[in-house]
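Work out the full structure: start from the sequences and follow the hints.
Protein chains: 2
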Amino acid sequence: MVRVRDMRNDGGMSKVVLDMSLSVDGFVAGPDDTPGQGLGADGEVLHDWLAGGGDDRTSLRPTDAPGALVIDEVLQTGAVLVGRRTFELAAGWGGDHHGGVAIFVLTRNPPDEPAPGSATYVTDIESAVARAKEAAGDRDILLHGASAAQALLRAGLVDELQLHLVPVLLGQGRRLFDDLPPDHVELELVRELQGPGVLHLRYRLRKEAG
Amino acid sequence: MVRVRDMRNDGGMSKVVLDMSLSVDGFVAGPDDTPGQGLGADGEVLHDWLAGGGDDRTSLRPTDAPGALVIDEVLQTGAVLVGRRTFELAAGWGGDHHGGVAIFVLTRNPPDEPAPGSATYVTDIESAVARAKEAAGDRDILLHGASAAQALLRAGLVDELQLHLVPVLLGQGRRLFDDLPPDHVELELVRELQGPGVLHLRYRLRKEAG
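Heads up: the protein sequence lines correspond to chains A and B, in order. So the first sequence is residues 0 to 209, counted in numbering that gives the first Met the number 0. So the second sequence is residues 0 to 209, counted in numbering that gives the first Met the number 0.
Quick caveat, the hints were computed from the structure, so don't treat them as lab data. Computed from a predicted model, the values in this text were never measured in an experiment. Any given hint could be a false lead.
So the derived list for chain B, only partly shown, Cβ under 7 Å to chain A, looks like this [claimed, not checked]: (1) 171; (2) 180; (3) 186.
SDA-like cross-link-like pairs, simulated, lysine to any residue; straight-line CA separation at most 20 Å [what the hints assert, rightly or not]: (4) 14(A) x 155(A); (5) 14(A) x 99(A); (6) 206(A) x 41(B); (7) 132(B) x 119(B); (8) 206(B) x 190(B); (9) 14(A) x 124(A); (10) 206(A) x 196(B); (11) 206(B) x 41(A); (12) 206(A) x 187(A); (13) 206(B) x 44(A); (14) 132(B) x 190(B); (15) 206(B) x 196(A); (16) 206(A) x 190(A); (17) 206(A) x 181(A); (18) 14(A) x 132(A); (19) 132(B) x 153(B); (20) 206(A) x 44(B); (21) 14(A) x 187(A).
Here are some chain B residues pointing at chain A (derived, C-beta under 10 Å) [stated by the list, open to error]: (22) 162; (23) 170; (24) 176; (25) 181; (26) 183.
By construction, the Cβ of each residue, glycine as well, lies at the ideal position given by its N, Cα and C atoms.
So, in structure tokens, the structure goes:
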């Protein structure tokens, strides 16, 4: 079953969209996620729905329509927000995640060396989001990585979740949702797309009236 | 070697079906799940998709077609397997979960008092499943509760997952998938149904060829 809702009817305001593949038991990587093994031991199954591979993001575009759509949405984001750990596990994407858009790397202790390519180290979450929004213009912001996701969720700075739910139990590994306060965040399922070996679930975070 | 078992074409063999409502962040209850507050602090949202309430299972039947279908499946199961904690949080369902079917309550230390109604305390998982299968005949077995789920998953005794994914992040609470070994369990999404405020995802566990 596929239900699509038009998410572009919000006056073009930039949204922070957490985009992650995760197992049915909630892991974004298996145990021992280290450089060269960014998805952890035997964690590659989480990216089986992505085609190709390598450094070029566009080579990951699946051939099925739902998979192509969700990857195209990623490639259309105007900035990337990521935690340093995820950034380094991915070797900084060679300094270019996609299309040369600005990459803001959250870290407590920026290294002396500047970040490669279009990446910048940022220590403050609020200013990271502000700078990403400025860089993205009316395009969305791609949020990636479990730690960055948790930091922004705690700060109430996430607008949508794009979860690629992979039909596997990993048993152990790195959880996407962890160390969050016991505050309920109501979600609204705005789209679900079923691709081969993956369910793409898009949720909007309901915010308190400001 | 992994093969797919066709559960719908296996001569009516009884399946063990884990049936749980859980939040998008993987919790089946909020913090402090105690008697009288079985879903934990503010955890009732996980059962919002169920109508009515009270001791009578049939009063929980939602009016939407997907919700009615999944509840009818629960009511058609021929035995219940549950952990003692969940059983006691639910006050033992008054000794009758539904239709008087046998309830097998997993516990390490059975109390001196016999279990109420059609319930029986069982200490051994394998024999609990065997007895439940005998009681259920060709009907499925309802597996309920996080601890029992984990015990049976560890033992490779679960056939299907029926997850009612509720659009909320609870942040903290009791996880459905926890303390499992780092052994991948491949799943196959065999059905997804979208009801109001809930996504019913049914997965079949792929088993090694025997």
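Hint by hint, here is what the structure shows:
no., hint, verdict
1, 171, "4 Å, holds"
2, 180, "5 Å, holds"
3, 186, "4 Å, holds"
4, 14(A) x 155(A), "12 Å, holds"
5, 14(A) x 99(A), "19 Å, holds"
6, 206(A) x 41(B), "18 Å, holds"
7, 132(B) x 119(B), "14 Å, holds"
8, 206(B) x 190(B), "18 Å, holds"
9, 14(A) x 124(A), "15 Å, holds"
10, 206(A) x 196(B), "17 Å, holds"
11, 206(B) x 41(A), "18 Å, holds"
12, 206(A) x 187(A), "11 Å, holds"
13, 206(B) x 44(A), "17 Å, holds"
14, 132(B) x 190(B), "24 Å, violated"
15, 206(B) x 196(A), "17 Å, holds"
16, 206(A) x 190(A), "18 Å, holds"
17, 206(A) x 181(A), "16 Å, holds"
18, 14(A) x 132(A), "8 Å, holds"
19, 132(B) x 153(B), "19 Å, holds"
20, 206(A) x 44(B), "17 Å, holds"
21, 14(A) x 187(A), "15 Å, holds"
22, 162, "8 Å, holds"
23, 170, "4 Å, holds"
24, 176, "3 Å, holds"
25, 181, "4 Å, holds"
26, 183, "6 Å, holds"
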